[in-house]
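> Following the hints, complete the assembly by docking chain L onto the known chain H.
Number of protein chains: 2
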Amino acid sequence: MLSEEQEKLLEKIHAGEDIPVEGFLEDIHPADIAACLNEEDVSDEELTSFFQHEDKEFLASVLEQSDDGLQARVVALLPYTDVIRIFSYMSKDDIADILGDLPIDLRKKLLNLMKASDSRELSALMGYGEDTAGGIMTTEYIALRDDLTIAQTLVKIKEIAPKTEVIETIFVLNKNRELVGIADLRDILIAPNDDVLSSIMDETVISVFPEQDQEEVSLLVNKYDLTVIPVINRRHALLGIITVDDIMDVMVEEQTEDILRLGGIGEVEEIGGPINISVRRRLPWLFINLLTAFIAASAIALFDDVIAQVAALASMMTIVSGMGGNAGTQTLSLAIRGITLGEIDLKSNWKLVFKEVAVGLLDGAAIGFFTGIVFYFRYGNIYLGLIILLAMTGNLIIAGLSGFLIPLIIKKLGADPALSSSIFLTTMTDTCGFFIFLGLAKLFLPLLVH
Amino acid sequence: MLSEEQEKLLEKIHAGEDIPVEGFLEDIHPADIAACLNEEDVSDEELTSFFQHEDKEFLASVLEQSDDGLQARVVALLPYTDVIRIFSYMSKDDIADILGDLPIDLRKKLLNLMKASDSRELSALMGYGEDTAGGIMTTEYIALRDDLTIAQTLVKIKEIAPKTEVIETIFVLNKNRELVGIADLRDILIAPNDDVLSSIMDETVISVFPEQDQEEVSLLVNKYDLTVIPVINRRHALLGIITVDDIMDVMVEEQTEDILRLGGIGEVEEIGGPINISVRRRLPWLFINLLTAFIAASAIALFDDVIAQVAALASMMTIVSGMGGNAGTQTLSLAIRGITLGEIDLKSNWKLVFKEVAVGLLDGAAIGFFTGIVFYFRYGNIYLGLIILLAMTGNLIIAGLSGFLIPLIIKKLGADPALSSSIFLTTMTDTCGFFIFLGLAKLFLPLLVH
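Just so you know, the protein sequences line up as chains H and L, in that order.
Residues 1 to 450, numbered by this note's numbering, are exactly what the first sequence covers, in order.
Residues 1 to 450, numbered by this note's numbering, are exactly what the second sequence covers, in order.
Only chain H is shown next, with the shape it has when bound in the complex:
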């Protein structure tokens, strides 16, 4: 769904018109321009001609807001020198992301054409894992010595400001270049000119190491309401900073991953992507599910003789197993969310399982009682009702137990609970549901058959 402005832009692109920044492009947000260029019917020629526009700073802002595919396409299409000029207006973390996705020879060529210092910084950034603090940090920040006066600080800030991502927070280093504090621009603006930076800085600095997982970083930024978090090494040297816009991207990315994994899609896929990729991603997961379905089905097969005598059991058993799955999923989602937000772990919180078991007992008794009544009236057999009550209560207790413990144990073992918990859970609740219900039915069989 493009806006009217975007439609107009797209027309101009297709018409091959010269598109002025002033008076036209500057009124459209770079993110919306990037969305236009991403439309299927924009050809390579059109893209090339758009990106050969004279205003490289403007093009940089559009490229920063483009998605990975468009960025790679543009870089591959343009002359090297144009790419380098556009890069010169972009922040290092964005450039590193683009370079990281390029074929290795193109990447090397571009790095060779850059200033040696830039190419060194970028190579260092690309060395960190994509999902780590190092992988999302940038190197454009203001770091000043702690013995500078406020007057000197202000001069420096004016000098560096145009080249930095964050201006509100100044990072303060001691003479060994260790990060010792952060200073708020607000405080600098109102401090007397001859104070030194160290006297107004805040020494409680929340920082991360480059190898830390991006999800941990986003939890910290959230917890402490930060707008920027410094990345340091073990010797307290400042390596880079992570800004809040990247943290928000991490939050969206991790949330997408969690929702899809909970739904049985291990690796993130596009909703409109090619069919063969979807099948390749989803089918293995379905086969794992199939194996667990076989396990549950064999629990039923154990009681073929009982079912042959009381066929009505076949429909009832699916209610017992299904409700166990539903109740277990409730507990499971609470537990997984708690784990994601760093609120619970196996060691400190295993006792909470008693609560979930109690909830399972109460919910199971209520649901079981109601279902029992229904089947008593339907088949006129009180024992059938009693068996449902017992089996439902038992299965919902197991559901509470498994829904809580399975994700915590998986987390403890170092895997992602969102990915595999629900498989284990439904295997438990299906198999136990069938087994308890049909087992009880076999036990009371003489009372069920008239």
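Hints are not guaranteed to be accurate.
Because identical chains cannot be distinguished in the list, a pair is counted as satisfied if it fits within a single copy or across any two copies.
Straight line, CA to CA, 27 Å or less: simulated DSS-like cross-link-like pairs of lysine-lysine [to be verified]: (1) 351 x 411; (2) 109 x 412; (3) 223 x 411.
In short, the hints are calculated from the structure, not lab data.
Relative to chain H, chain L alone:
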């Protein structure tokens, strides 16, 4: 899990010691101090004595980082005048949130004790719905006239800076007090002293109306990589701003809601909360599930006679229904995530359903073929295998169809697809799975019974 510092603080609180800000409290982040005060064993007396500390600015930073319960407790415990003094260091959105949770008489008393302008602003903020842009905005921002020179602007900024939340972005108003642009402090710092603000401001302002849903706001902030977004009325007057820390809270809140709703918990509950609340929240949902389980079970009951003759069908049918549920949930999670991120809607994207149907067909054929082979060898009956293949393929097509369309239709009807989609989906896949499989079995019954 408290840190060493937090343990030390807690000890001092229990010992009733005088706790110095300088040299002790200032080294602990306010969020971590708030976490200490939130411990169960901190009594009302201890809390009162802590919050009667002289440094109200410091106390304000702790109170801002406390959760709702602790805030309400502190405000109820302290003398009114202390509360008002602490509030004077807090931002208006935080104060409005606290006041909104208080008993009405206490709220009125506090409002009466404030400056008339403050109390008016707070009442206006409290008038907006909790989950709207108005409900999360604050009124501390820097708004300046567009005809100010850079020199005048810098003087104003120094004046207002200590009282504002955001300093990097200056909001620019025309003489009718309409928001006409935003100016970046970076640009102001390097502009010539006699330029006017309007010459360096950016006129492409992304803004929201106060009644807009907070989730929409967070999507915009994300899309355009903003650190602050202005809230305006229909006449373009600036009502307030929303800062990125509040946006991150919204993202976490909405994510939690989505995960729990997908798992069958309609209203967010605490994982360690009281049992009776958990039961009350989860049981109604289980009863709705129970009704759908009855529907699926009646599909089975239609074929009691078939099952009585071939009891093995009872275990096989759960595999067909279960796999439909699994495949449907894969599609469902993709669709729900796409809806949440504003990427798809029914009108523009209904054609994508063909892709999901195709994936269902391919996955169903693969899974069905494998399962058919297994059952052919297990029971030595080729028709049993064929029936499984057909039923599985059919049910996975239905799964793709329902998994994609159900959430889009629910969204179109104005409800939250995360809340109810999976109920409808599993009702479809269970009922259709049983019906197709057992229906086919009935049709081919003579071939199944030897």
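> Look at each hint and say if it fits the structure.
Hint-by-hint comparison with the structure:
For the identical chains of this complex, residue 351 and residue 411 are intra-copy neighbours only, at 17 Å inside a copy versus 39 Å across copies, given an alpha-carbon limit of 27 Å. For the homomeric pair residue 109 and residue 412, neither the shortest alpha-carbon distance inside one copy (44 Å) nor that between copies (50 Å) is at most 27 Å. In the homo-oligomer, the alpha carbons of residue 223 and residue 411 lie at most 27 Å apart inside one protomer (21 Å), although the nearest pairing across protomers, at 32 Å, exceeds that limit.
Going down the numbered hints, you'll see the structure goes against just number 2.
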